[in-house]
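Please build the complex by placing chain W on the supplied structure of chain Y, with the hints as guidance.
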Amino acid sequence: DAGVIQSPRHEVTEMGQEVTLRCKPISGHNSLFWYRQTMMRGLELLIYFNNNVPIDDSGMPEDRFSAKMPNASFSTLKIQPSEPRDSAVYFCASSSGGANTEAFFGQGTRLTVV
Amino acid sequence: RKEVEQDPGPFNVPEGATVAFNCTYSNSASQSFFWYRQDCRKEPKLLMSVYSSGNEDGRFTAQLNRASQYISLLIRDSKLSDSATYLCAVGNDYKLSFGAGTTVTVRA
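In order, the protein sequence lines correspond to chains Y and W. With the numbering used here applied, the first sequence covers 1 to 114. With the numbering used here applied, the second sequence covers 1 to 108.
Pulled out of the complex, with its shape left as it was, chain Y reads as follows (with noise of 0.2 Å):
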């Protein structure tokens, strides 16, 4: 199995732009979370899909973020407009049994608002 993928590796946008993130889980995994890292914040938890389904999207900062996940192979980050404190490492994770199972990370996308 590849992994979780994600894509793009790196993004540099200017302040206003669309950004979309996208990520591929592990085949047959049923859990996917959306995580953004900081050196202030940490690892936080963004939105929880389970069976395609957003079950807990409290941790979206605001409404300029959304996510999707149209079917059990791929899920969507949407950040509309894009802000320079949006710049973060985002990473998609995926696990066979929500959160009492180990989650594998994908290589993450590096975004960078200027």
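Think of the hints as simulated: they come from the structure by calculation, not from any bench. Any given hint could be a false lead.
Only pairs whose alpha carbons sit at most 20 Å apart, straight line, appear in this in silico EDC-like list of lysine to aspartate or glutamate [as the list claims (entries may be wrong)]:
1. W/95 / Y/56
2. Y/78 / Y/63
3. W/95 / Y/44
A few chain Y residues that don't get close to chain W, going by computed Cβ distances all over 12 Å [claimed, not checked]:
4. 16
5. 102
6. 103
The C-beta atom is built at its ideal place from N, Cα and C for all residues, glycine as well.
Here is chain W on its own, set in the frame of chain Y:
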């Protein structure tokens, strides 16, 4: 109060030393506990799960103290390759929350 808190360190230890650190969690109903390792600019990877009875994996020992709501990680005979940031993770149903990490540097 943060859901999961860790001493950020850094812990700077010589090769062969023992280093230990804790992680506290606020939700007494938490069900699952893990230690992850994160190398610089890489993704977190599972180091070990933490079981109620405590568990050991080679030089690594993890303990869970439900009464005081903390988990611990002990590294014996530390190696240069153990230098990393160690993240604790606490799960409750669907939500997996991470601490900010404890940085360990092992020097020759």
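Results of checking the hints against the structure:
1. About 8 Å separates the Cα atoms of residue 95 of chain W and residue 56 of chain Y, which keeps this hinted pair within 20 Å; it holds.
2. Of the supplied pair hints, the one linking residue 78 of chain Y and residue 63 of chain Y holds, its CA atoms being roughly 10 Å apart against a limit of 20 Å.
3. Simply put, residue 95 of chain W and residue 44 of chain Y have alpha-carbon atoms about 11 Å apart, close enough for the 20 Å limit, and the pair holds.
4. The beta carbon of residue 16 of chain Y sits about 27 Å from the closest Cβ of chain W, which is more than 12 Å, so the claim that it is off the interface holds.
5. For residue 102 of chain Y, the condition that its CB be more than 12 Å from all CB atoms of chain W is violated, with the nearest at approximately 5 Å.
6. Annotated as non-interface, residue 103 of chain Y brings its C-beta within 12 Å of a C-beta of chain W; the closest such distance is 6 Å.
The structure does not agree with the numbered hints 5, 6 stated previously, though it agrees with the rest.
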